[in-house]
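Colleague: Chain residues, written in single-letter form:
There are 2 protein chains.
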Amino acid sequence: MLIAKIYVTLKPGVLDAQGDTVKSALETLGFEGLADVRVGKFMVLTLNSRTKEQATAHVEEMCRRLLANPVIEDYRFEIEGAEG
Amino acid sequence: MLIAKIYVTLKPGVLDAQGDTVKSALETLGFEGLADVRVGKFMVLTLNSRTKEQATAHVEEMCRRLLANPVIEDYRFEIEGAEG
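From first to last, the protein sequence lines stand for chains A and B. Start counting the first sequence at 582; every next residue gets the next number (the working numbering). Start counting the second sequence at 582; every next residue gets the next number (the working numbering).
Calculated directly from the structure, the hints in this document are not laboratory data. Please read all numbers here as calculations on a predicted model, not as lab measurements. One or more hints might be untrue.
Copies of one chain are not kept apart here, so a pair can be met inside one copy or by any two copies together.
What the hints assert, rightly or not - Below, simulated DSSO-like cross-link-like pairs (lysine-lysine); rule was C-alpha separation at most 27 angstroms, straight line:
{"hint": "1", "residue 1": "LYS604", "residue 2": "LYS633"}
{"hint": "2", "residue 1": "LYS622", "residue 2": "LYS592"}
{"hint": "3", "residue 1": "LYS604", "residue 2": "LYS622"}
{"hint": "4", "residue 1": "LYS586", "residue 2": "LYS633"}
{"hint": "5", "residue 1": "LYS633", "residue 2": "LYS622"}
{"hint": "6", "residue 1": "LYS604", "residue 2": "LYS586"}
{"hint": "7", "residue 1": "LYS592", "residue 2": "LYS604"}
{"hint": "8", "residue 1": "LYS586", "residue 2": "LYS622"}
Only chain A is shown next, with the shape it has when bound in the complex:
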């Protein structure tokens, strides 16, 4: 079993309404000194792929086709676990 950890974040410069809302909520709770809050997605996929190369190719295609919106989002991922 291989594990793919995928991080999807808004590109720099894209307005992050969810992040701004979280920042306001934290400030309302009394937290000071927050310069910026950005919110993204974190996905963990458990794959039956045989090799890390195969898993990397599959996950790259999943990100491009469904998991991230390439117009406004960046993604990166890492593959962990034992092959076979």
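We have chain A already, so just place chain B on it with the hints.
Modeller: Leaving out everything else, chain B in the frame of chain A:
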């Protein structure tokens, strides 16, 4: 400036409807060999804290009070960047 990277995930055993939906969508697109998909949140906070110890204490409290639901979610974070 210090950067806090926060990962919020559902606890093991908690039903992940969003993850199941993503898994079905990937299978509909023809991706095979997916054993499990879990979806969580990934937050990046930019902090004006002076030291990493201070930042760690603040972020720990933010997670407990707002960013994660401790009943169903786990969180972990790392603090990066230069102090001062």
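Colleague: Please go over all the hints and tell whether each is borne out by the structure.
Modeller: Outcome of the hint check:
In this homomeric assembly, LYS604 and LYS633 come within 27 angstroms of each other (Cα to Cα) only across copies, at 20 angstroms, whereas the closest approach inside a single copy is 38 angstroms. When the C-alpha separation of LYS622 and LYS592 is checked against a cutoff of 27 angstroms, the pair qualifies both within a copy, at 13 angstroms, and between copies, at 16 angstroms. Taking CA atoms no more than 27 angstroms apart as the test, LYS604 paired with LYS622 passes in both settings, with 17 angstroms inside one copy and 15 angstroms between copies. Taking CA atoms no more than 27 angstroms apart as the test, LYS586 paired with LYS633 passes in both settings, with 13 angstroms inside one copy and 26 angstroms between copies.
Taking the closest pair of Cα atoms, LYS633 and LYS622 come within 27 angstroms of each other both inside a single copy (22 angstroms) and across two copies (25 angstroms). In this assembly of identical chains, LYS604 and LYS586 lie within 27 angstroms of each other by CA distance both inside one copy and across copies; the values are 26 angstroms within and 14 angstroms between. For the identical chains of this complex, LYS592 and LYS604 are neighbours both inside a copy (18 angstroms) and across copies (25 angstroms), given an alpha-carbon limit of 27 angstroms. Taking the closest pair of Cα atoms, LYS586 and LYS622 come within 27 angstroms of each other both inside a single copy (11 angstroms) and across two copies (12 angstroms).
When the structure is compared with the earlier hints, no violation turns up for any of them.
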